[in-house]
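Take a look at the letters that make up each chain.
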Amino acid sequence: MLEHRSRVAILITPSVLFLVVLFLLPLGIMAVFSFRTGTFGPDRDIFTLDHYRSFFSNTAFLRLLWRSAVISFWVSIYTVILAYPLAHFLAFRAGDLRITLLTIIIVPAWVSYLLRVLSWKIILGSGGALASFLNWAGLVEGGTPLLLYSSNAVVITLVYVWIPFVALPIFAALERIDPSLLEAATDLGCSRVEAFLRVTLPLSLPGVVAGFLFVFIPTVGEYVTPALVGGPQGIMFGNIIWDQFLKALNWPLGSLMSLAMLLVVLIPLFIFSRFVRFSELAGL
Amino acid sequence: MRGRDWLGLGSLYYLLLAGFLYLPILLLLIFSFNDSESLRFPLDGFTLRWYETLLDAGELLDSAKNSLIVGLASSLAATVLGTMAAIAIMRFDFPGKGAFLAVSALPLVIPSVVIGVALLILFRQLIDLELSLWTVGLGHVVINIPVVMLIVAARLAGFPDNLEEAAMDLGTSYWAAQWRVTLPMSLPALISAFLTAFTTSFDEYAMSVFIIGTDATLPVYMYSQLRFPRRLPVIVALGAIIMISSIVIIILAERLRRVGQVPVTIEE
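Residue numbers (the numbering used here), protein chains in the order written: chain A, 178 to 461; chain B, 42 to 309.
Check the hints yourself; a few may be wrong.
A partial selection of chain A residues facing chain B, derived with a Cβ cut-off under 8 angstroms [said to hold, decoys possible]:
#1 200
#2 207
#3 234
#4 341
#5 438
#6 439
Simulated from the structure, these hints should not be mistaken for laboratory data. In this text, all values refer to a predicted model and were calculated from it rather than measured experimentally. Ideal Cβ positions, reconstructed from N, Cα and C, are used throughout, including at glycine.
Just chain B, same shape as in the assembly (with noise of 0.2 angstroms):
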C-alpha cells in the first residue's frame, strides 16, 4: 500500500493545501517589497524603504530585543526543567505520576487567554508583584515546560536506561551518568525543545498581553501598531523577517527531533 503516486489526486490536493498554506505568506513578502502604504493589487513597484525605516525604529528594535532576553531565558528555564521532569517521568515510578502528568499537561490545552488572566489577578492581586518582562518569562517558563517534557520524553523512550545503569557500574555517581551519558543521548531532543519553546515565547501573544509591563514585547508592540494603517508596510516587512527567520529555526528543531526518536508511550 505505502507505494508512491505521484499522479494521483493525492498529490495534487497536496499541492493545492500547501498551496493555501503557503500562499498568505508569501503576499506577505510580496507586500514587504511594495512601494505602496496601501496593501493591495496591482503592485506599485519595487522598494526596500520599509526594511530601511525599521533600522531607525527605535522601539520597534527595543521589543524585539525584549521578546528575545525573555525568549532566551524562558526557552532556557522550560528546558532544563521539562527535561529533568522527563526523566522523572520516564526512567521512575512514583506514587503520584498520573496526576503529575494530568497537571503538566493542561497548560497544553487550556486557552491561554485563560492562563493570561489568572496569572494577572496572582501577580496583581495575590502578591502585588509589578508587571514587567519578568512576569511574561514566568507565564512563558508555564506554556513551555509540558512541551519540552514531551519532546524530550520522546527521545529518552527511544533508548533503554541501561547505559546510564553501565555507566554507574562502572564506578560513576548517578548524576554524574545523567550528565555524560542521557544528556548527551539527548541532545538533539533538548535543542530542538529549547527552539520550539523560544519560537513559542517569541510569537506569544495572547497570554503575555494580560501579564505585561510597560516593556513590550515584539508581539506585543505589532498588535498596538495594527491599529495604525499607515505603519502596516512597516509591521508586514518585519514580518518577514521573522517568518524567514522563523522557518530557518523550525526547521532545524524539526530535524533535530527526529534523531533517533520514537513515538512516546508513558506507563502510568
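Same shape as in the complex, but just chain A (with noise of 0.2 angstroms):
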C-alpha cells in the first residue's frame, strides 16, 4: 500500500502544486486585497473596510452586477431554447451521421473567440455588413437601425457564440436516454408530445442543466463581447473590473468586485452541481 501511496503523490502532486499556487492562493490572496486601502506604496498596507461601504452604497455597482447576471441569464435561456432542438435532431434523427453533423456545429465553437466577436461588430455596425447588405439588396429605405453598440448586440453576439458548447452537454444526455424507454411510453398511449414531455425532457434535463450553466457561468465574467459590440450601454460587470485593474488602478476595489462576481457564478454552481457532470463541460 506503501507503494501505493508514493505513486499516487508522484502523480499529482504537480497538479495539486500547480493548482493550489497558481490558483487558490492567488483567489484567496484577491480576498485579502479587497481589505487593503490602495493598490501601491503603504497605502496598501492599511487594511479599511472603505471599499465594502462604497460597493454596498453605490447602487450603479450593485445594478451593473444585476444586470450583467440578467444578461448572462437571458443568453443562457436562449442558447439552451435554440440548442435543443439541434441536439434532439443530432441525438434521434440524425442516424449514422450524428458524430459527423455534431463536429460540423462544434467547429465554430473553437474557431478565436475574438475573430467571431469581431465578425459580429462588422455585421452589426451602423454602415456595418448586415445594414449594407440589406441596402444593397433594396429590402430596406434608406436608414437601418443601428443594433450595434446595446445590449441586444451583446446577447446576439454572445448567443452565437456559445450555442455550440450547450448543444455537445444537451446532446450527451439525450443520447444516454435508452429508446425502449420512449417506445415503451408510446406502447403505454402516450402521444409524441406527451412522451417528449414526460420522459425525454425530464430525462434530458440534467443536459439542459449543464448547458445552462455552461454558459451563464462564463458570460456573467464577459467583458470582452461587452467592450467590442455593447458600447456604454452594453457594458457589463466584467468591464468595471477590467477598468479598475488596467485603467482606474484600485486593485483594492476590483478585488472586491471579483469576489462579488464570483458568488454570482458560484451559487448557482452549488445548488445545481448535483444535476451536472463536469465532464460535459468540456464536452466530453
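Hey, can you piece these two chains together into the complex? The hints should help.
Laid out in C-alpha cells, this is it:
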C-alpha cells in the first residue's frame, strides 16, 4: 500500500502544486486584497472596510452586477432553447451521421473567440455588413436601425458564440436515453408530444442544466464582447473590473468586485452541482 | 426511434442553425479578399493585398511567434501534468480525491477575468515577478490542466488497468508499465488533449491581457489593433488564416479524441 501511496503522490503532486500556488492562493490573496486601502505604496498595508462600504452603497455597481447576471441569464436561456432542438435532431434523427453533423456544429466554437465577436461587430455596425447588405439588396430603404452598441448586440453575439457548447451536453444527455423507454411510453398510449414531455425532457434535464451553467458562468464574467459590440449601454460587470485593474488602478475595489462576481457564479453552481457532470462541461 | 429523417423539420432546423454558425465566419473570409478598407456591401473586387500586408507586419508576426511559443510550452506542460493527474484519479483511490476533483474543475467554471486579476495580484504584489510571456504561460497551464485531465480520463476509462497489471506480472516496473502500456494506449487522447490545450492557449485573451508583459500574444495584439479601423482588413485576413488552421487542428483533435472513448464516470 505504501507503494500505492507513493505512486499517487508522484502522479498528483505536480498538478496539486500548480493549482494551489497559481489558482487557490491567488484567489485567497485577492480576497485579502479587497480589504487593503490602496494598490501601491504605504496605503497598501492599511486594512479597511471602505471599499465594502462604497461598493454596497453605490447602487450603480450593484445594478450593473444585477444587469450582467440578467444578460447572462437570457443569453443562457436563448442558447438552450436554440440548441435543444438541434441536439434532439442529432441524437434521435441523424442516424449514423450524427457524430459528423455534431462535429460540424462544434467546429465554429473553436474558431478564435475574438474573431467571432469581431465578425458580429462587422455585421451589426451602422454602415456594417448587415445594414449595407439590406440596403444594397433593396430590402430596406434608407437608414437601417443601429444594432451595434446595445445590450441586444451583446446578447445576439453571445448566443452565437455559445450555441455549440450548449448543444454538446444536451446531446450527450439525450444520447444516454434508452430508446426502449420512449417505445414503452408510446406503447402505453403516450402521444409523441407526451412521450417527449414526460420521458425525454426530464431525462435530458441534467444536460440542459449543464449547458445552462456552461453559458451562464463564463458569460457573467464577460467583458470582451460588451467592449466590442456593447457600447456604453451594453457594458457588463466584467468591464468595470477591467477598469479597476488596468485603468483606475484601484485593485482593492477591483478585487472586491471580482469576489462579488465569484459569488454570483458559485451560488448557482452549488445549487445545481448535483445535476451536473463536470466532464460534460468540457464536451466529453 | 433512431431512424433517419432527412426531410423532417429537424434537418431543416439543423441547416438553418449551421448556416447561422458559419455565416459570420464565411463573411470574414469574403471580406479578407475584398478590395476595400471598409467592410460593407457591395463588394469592391478581389484582392490579395491584405494578405501581402501581413507578410511585412513585423509586430504582428512577432506576436504570432509569441503565441506559438506560449501555446506549445504551456500545452506541453498542461498535457504532462493533466495526464499524470488523470492516471491518479482513474486508477487509484486516495484521501482527498473528492476535494482534488472539485478544485481541479474550478478553473473551468470561474470567469477568466477573475483568474486573470487574481494572478495579476499574485505576480505583482506577492512575489513581484515581472510580467512576461512566462506569466501568461503559467496562467495557460492552470486553465488547461482540467481540460487535459477530462480528455485523458475519458480515454483511461475506456480500457481496464489489467493490461498494465499483466505487464507488471511479467516483471516490468510500475512506471515502465505506464510508459509502455498506458501511455501508448492513451496516445490519441494525449494528442487530442494537447491540441485542445494549444488552441485554447492560442486564443486566450480575457485572462492573458492582465498578466502579459511588453511582448504581446496574438489575441492581445489583435485586440489592440481593433481601435484602428484602417487596419481592420489586415486583421480580418490574419483571422481568416487562423480560422482555417484552427479548423484543421480541431477536426484532427476531435477525430483522435473519439478513438476508443467512453463517457467518463469518476468514482469518488
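Hint check results:
Because the closest C-beta pair between residue 200 of chain A and chain B is about 5 angstroms apart, less than 8 angstroms, the hint holds. Interface restraint check for residue 207 of chain A: the shortest CB-CB distance to chain B comes to about 4 angstroms, inside 8 angstroms, so the restraint holds. With its C-beta approaching chain B no nearer than about 23 angstroms, residue 234 of chain A sits outside the 8 angstroms limit, and its interface hint is violated. The interface hint given for residue 341 of chain A holds, since its Cβ lies 7 angstroms from the closest Cβ of chain B, which is under the 8 angstroms cut-off.
Interface restraint check for residue 438 of chain A: the shortest CB-CB distance to chain B comes to about 6 angstroms, inside 8 angstroms, so the restraint holds. Nearest Cβ of chain B to the Cβ of residue 439 of chain A: about 6 angstroms, under the 8 angstroms cut. The hint holds.
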